[in-house]
Structure formats: structure tokens, C-alpha cells
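Participant: As you go down the protein sequences, you meet chains A and B in turn. For our numbering, count along the first sequence from 1 and bump the result up by 7. For our numbering, count along the second sequence from 1 and bump the result up by 7.
Just so you know, these hints were derived from the structure itself, not from any lab. Remember, predicted model here, so these are calculated numbers, not experimental data. Any given hint could turn out to be false.
Same chains, same names: a pair is fine if it fits in one copy or spans any two.
Here are the computed lysine-lysine pairs in the DSS-like style, where the Cα-Cα straight-line distance is at most 25 Å [claimed, not checked]: (1) Lys82 with Lys174; (2) Lys174 with Lys210; (3) Lys214 with Lys82; (4) Lys210 with Lys82.
Here are the chains, one letter per residue:
2 protein chains.
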Amino acid sequence: MSGYVSDAVIRRLPAYNRHLRELEIEGVAQISSQELGERMQLTPSQIRQDINSFGGFGRQGYGYQVHELREHIRKTMGLDQAHRMIIVGAGRMGRAIANYASFAREGFQTLALFDADPEKGKCATEELPIYPVEEMAWRVEELAPDIAVLALPAEHAQETLELLYEKGVRAIWNFAPVDLHYPRDMQVVNVHLSDSLHILSYKMNHKDD
Amino acid sequence: MSGYVSDAVIRRLPAYNRHLRELEIEGVAQISSQELGERMQLTPSQIRQDINSFGGFGRQGYGYQVHELREHIRKTMGLDQAHRMIIVGAGRMGRAIANYASFAREGFQTLALFDADPEKGKCATEELPIYPVEEMAWRVEELAPDIAVLALPAEHAQETLELLYEKGVRAIWNFAPVDLHYPRDMQVVNVHLSDSLHILSYKMNHKDD
DNA sequence: CAAAATATTTAAATCTGTGTTAAGATTTGC
DNA sequence: GCAAATCTTAACACAGATTTAAATATTTTG
Numbered sequence: 008m009s010g011y012v013s014d015a016v017i018r019r020l021p022a023y024n025r026h027l028r029e030l031e032i033e034g035v036a037q038i039s040s041q042e043l044g045e046r047m048q049l050t051p052s053q054i055r056q057d058i059n060s061f062g063g064f065g066r067q068g069y070g071y072q073v074h075e076l077r078e079h080i081r082k083t084m085g086l087d088q089a090h091r092m093i094i095v096g097a098g099r100m101g102r103a104i105a106n107y108a109s110f111a112r113e114g115f116q117t118l119a120l121f122d123a124d125p126e127k128g129k130c131a132t133e134e135l136p137i138y139p140v141e142e143m144a145w146r147v148e149e150l151a152p153d154i155a156v157l158a159l160p161a162e163h164a165q166e167t168l169e170l171l172y173e174k175g176v177r178a179i180w181n182f183a184p185v186d187l188h189y190p191r192d193m194q195v196v197n198v199h200l201s202d203s204l205h206i207l208s209y210k211m212n213h214k215d216d
Numbered sequence: 008m009s010g011y012v013s014d015a016v017i018r019r020l021p022a023y024n025r026h027l028r029e030l031e032i033e034g035v036a037q038i039s040s041q042e043l044g045e046r047m048q049l050t051p052s053q054i055r056q057d058i059n060s061f062g063g064f065g066r067q068g069y070g071y072q073v074h075e076l077r078e079h080i081r082k083t084m085g086l087d088q089a090h091r092m093i094i095v096g097a098g099r100m101g102r103a104i105a106n107y108a109s110f111a112r113e114g115f116q117t118l119a120l121f122d123a124d125p126e127k128g129k130c131a132t133e134e135l136p137i138y139p140v141e142e143m144a145w146r147v148e149e150l151a152p153d154i155a156v157l158a159l160p161a162e163h164a165q166e167t168l169e170l171l172y173e174k175g176v177r178a179i180w181n182f183a184p185v186d187l188h189y190p191r192d193m194q195v196v197n198v199h200l201s202d203s204l205h206i207l208s209y210k211m212n213h214k215d216d
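Take these sequences, add in the hints, and give me the full structure.
Facilitator: Here's what the structure looks like:
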């Protein structure tokens with residue numbers, strides 16, 4: 008049990024969490040790999056192998072305890088801990104993320120936004136402060152966020168990452184359409200919206216396969 | 008040359024397009040897999056194999072013509088054609104997408120938004136109409152979009168997809184945190200923001216690997 | 001200008017990670 | 001206690017990435 012967790016499994020962990028949460032809400036206490044597989048559109052064998060790789064409990068002839076399994080996954084993903092976020096770039100995307108309530112509910116608290124033009128887009132009813140980028144260096148030291156969201160123009164993403172690294176930030180959630188370079192001890196996850204839309208476009212052009 | 012294009016390559020196509028575009032802007036006319044590999048953080052061999060799989064010409068002892076290669080990739084991805092989009096859900100995310108200028112520049116035109124409460128969020132300076140969801144059925148027939156963006160609560164995503172399918176929409180860009188079921192002749196690409204953030208959280212908890 | 005050296009892609013072979021299948025082991029429920 | 005259900009583990013198969021060898025183009029040099 009509980010050995011090396013492969014990349015492929017890590018990418019599926021959030022889906023497990025999501026589906027198990029639904030099951031909990033529905034009041035399902037236990038489930039078999041067969042049934043879970045149908046819901047998640049995965050083969051039962053893959054589910055068994057996945058779950059086994061990060062700590063295999065599951066009772067033979069019985070299935071998995073929904074709550075127990077979910078708690079284990081949540082802990083593995085670090086979702087039992089609170090996270091402090093800042094958002095760099097207060098355009099529509101930055102503000103949309105800032106106000107996406109479910110992140111806060113899951114323990115990802117947004118502390119502040121930064122923008123080159125802090126006045127823009129004031130209309131939205133938000134209680135979060137928008138600071139000018141010039142203040143970022145010292146404010147970051149003060150706020151001590153552990154995650155920074157990059158929702159700014161591609162051309163400023165790399166330099167911003169470097170400043171944030173200097174100030175102690177070690178995790179980046181990047182929405183800028185650029186491939187960043189970063190030190191080994193920094194964690195970066197990209198959300199390349201444009202890429203994603205282009206893949207849809209590709210698939211539309213190749214319905215046959 | 009030009010045989011089966013693997014899924015892994017398809018996911019990398021947008022990155023190729025992005026980097027080649029940058030090279031074009033910089034005025035670079037030709038490039039070797041070696042040099043491109045450094046920029047993209049891929050091994051030169053992978054780049055050569057990738058490019059070869061979707062029609063590879065590149066001149067031996069010379070490299071690839073930047074413009075020619077990019078045009079080929081753009082055509083492969085269907086980016087030479089215009090696309091008509093509607094957005095279902097006019098919350099912050101929906102409106103952020105609607106106003107993301109670069110999509111329009113790339114030929115993805117947003118025609119309209121739909122929302123259960125069409126009055127909400129009127130402050131943003133937008134020229135796009137927001138229609139009530141009740142009108143979706145007939146409006147979709149009239150507008151004839153080829154892509155629908157789902158930026159609505161998870162619980163309404165599946166039924167909306169089904170209605171859209173009925174009305175002829177065959178491509179979905181899904182932002183709702185749910186795994187949709189859909190017919191074989193429909194193309195769906197997911198942007199699971201929450202999942203992506205959770206993966207970042209996981210990585211922060213496992214810096215060692 | 002021809003021949004050798006260099007750079008670079010192409011194509012085939014190998015390796016690695018991931019998913020699937022199948023056999024074995026454990027628990028449940030009657 | 002036995003049959004059915006279900007997980008666990010190991011073996012197998014496949015896709016994707018890397019390495020190696022071969023082919024071809026360009027540049028250099030005498």
C-alpha cells in the first residue's frame with residue numbers, strides 16, 4: 008500500500024474528491040469500484056489501482072467507505088489546511104477568481120489583488136482591496152500569502168513570478184498565456200484558457216477519430 | 008509523414024502555436040528543434056517527433072520555417088476558421104470570458120450570453136446581450152452558434168448540454184465543476200478551475216518528489 | 001569547384017509509465 | 001459453512017517519450 012503516487016493519479020485526485028463529495032451529500036455510505044466507475048466513467052480496475060496507490064483501504068467483498076476515503080484524499084491533497092492567496096492582475100479574470108465563493112469555502116482565502124491601475128473596475132461589489140503593483144514587494148512580505156494567482160498580461164508574468172519568489176511565495180496559479188521558468192522548489196500550475204479553447208477547435212475539425 | 012496524431016501531441020499543439028507566434032513577432036524566420044526545445048522546455052527529439060506526426064516538413068541540416076510551420080499548425084487546429092460562441096451563465100466567470108478580447112481576435116466571436124437572472128451584473132460596459140435562459144431554445148436556433156460555453160452552476164450543466172445538443176450545438180467548453188455525459192458526436196473540453204487549484208495544493212504538500 | 005566536415009531531420013528501436021486483465025485472497029450474507 | 005461479491009496483487013499490453021542509427025542538406029576548406 009501507500010507507495011509512489013503517479014502523476015496520472017494525482018491529476019485524477021480532484022475528480023475522486025468531487026464525486027465522493029456528491030456521494031456523501033446523497034447519503035451514500037459505501038460504494039464499490041464497479042459503481043464508482045460508472046459514475047466517473049473510469050474502469051473499475053483503474054479505480055481500484057488508483058485508490059490502492061495512495062493508501063489502499065477498501066474491504067474485500069464490500070467496497071469503500073465513502074467518508075473515510077474522501078477524508079483520506081482531502082488530507083493527501085492538503086485540503087484540510089487553509090491557504091492564503093493574492094491575485095496579481097485585477098482585470099475581469101482576476102476579479103472573477105477573487106469572488107468565486109467556492110474557493111473561499113474550500114479554505115483558499117483571497118487576501119488582496121494587485122493591479123497597475125487599481126482604480127479600474129470598481130463597480131463590482133467587492134470588499135477586497137486592490138493595491139497598486141508598486142506596493143507589491145512590501146505588501147507581500149506583510150500579507151505572507153502562500154499562493155499567488157497570476158492573472159495579468161503575458162509579458163509581465165515572468166518578472167512578477169521572480170519578484171514573488173524573492174518574497175517567499177512558493178506556489179503559482181498561472182492564468183497568463185505563457186510558459187514560465189521557475190526554480191525547482193516552486194510549484195506552478197497553469198490554466199491556459201486559450202490553449203484549452205484551441206484544443207476544442209482541433210477536436211471540432213477531427214470528429215472522425 | 009502525416010499519420011495518426013496522438014492525444015499527447017494534440018495537447019501540445021497550442022503551445023507550439025503560441026511559441027511560433029512569438030518567434031514570428033521576434034522576426035525569426037527559421038529555427039531548429041534544438042533551439043525551439045530550449046524555449047519550450049521540451050527535448051529536441053520530442054519536438055521533431057511531434058512535428059513529424061502531423062505533416063512534418065523541416066529541412067534537414069537547416070531546421071523549420073517558422074511561418075510555414077505555424078500556418079500548418081493553425082490550419083490543423085482549425086484556427087483559420089471563424090467560430091460563433093454563446094455563453095450560458097452570465098456570472099463573473101461568464102462575463103470575464105465574454106470580454107476576453109484575445110478570443111475575438113483569434114476568430115472566436117461571442118454572440119450572446121444567457122442567464123437565469125439577466126439583469127445581474129449590468130455595470131460592466133458590454134455591448135453583448137444577456138438573454139433569459141427561457142429564451143435559449145429558440146434563440147440558439149436563430150443564432151446558430153457552433154460552440155457553447157457552460158459557465159453556470161454544476162447542477163444545471165447536464166440538462167443544458169442536452170438542450171443545446173438538441174438544438175444542434177456540437178461543441179462545449181465546460182467551466183462547471185462536473186463531469187458531463189455526452190453523445191459521441193459532441194466535443195467537450197473541460198476547464199475545471201477548482202481541480203486545477205487542488206492539484207497545486209497537492210504539489211505544495213509533496214515538494215520532495 | 002569538389003570533397004570533407006558539420007548540422008539537422010527522419011525513421012526505427014528501446015525504454016518507461018499507465019492502464020488493463022486475470023488470478024488469488026478476504027469479507028459478507030444467507 | 002458456502003456462495004457471491006469485492007478488493008489486492010502481480011503479470012501483461014499499449015501508448016508515449018527517449019535514444020540511436022541513417023539519411024540529407026549546408027557550410028567549410030583546399
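Participant: It remains to establish, for every hint, whether it holds in the given structure.
Facilitator: Verification of the hints:
1. Proximity of Lys82 to Lys174 under the C-alpha cut-off of 25 Å is found in neither arrangement, the shortest distances being 27 Å within a copy and 43 Å between copies.
2. For a Cα distance limit of 25 Å, the shortest separation of Lys174 from Lys210 across copies, 20 Å, qualifies, whereas the shortest one inside one copy, 42 Å, does not.
3. In this assembly of identical chains, Lys214 and Lys82 lie within 25 Å of each other by CA distance solely across copies; the values are 15 Å between and 40 Å within a copy.
4. In this homomeric assembly, Lys210 and Lys82 come within 25 Å of each other (Cα to Cα) only across copies, at 12 Å, whereas the closest approach inside a single copy is 36 Å.
Checked against the numbered hints given earlier, this structure breaks only hint 1.
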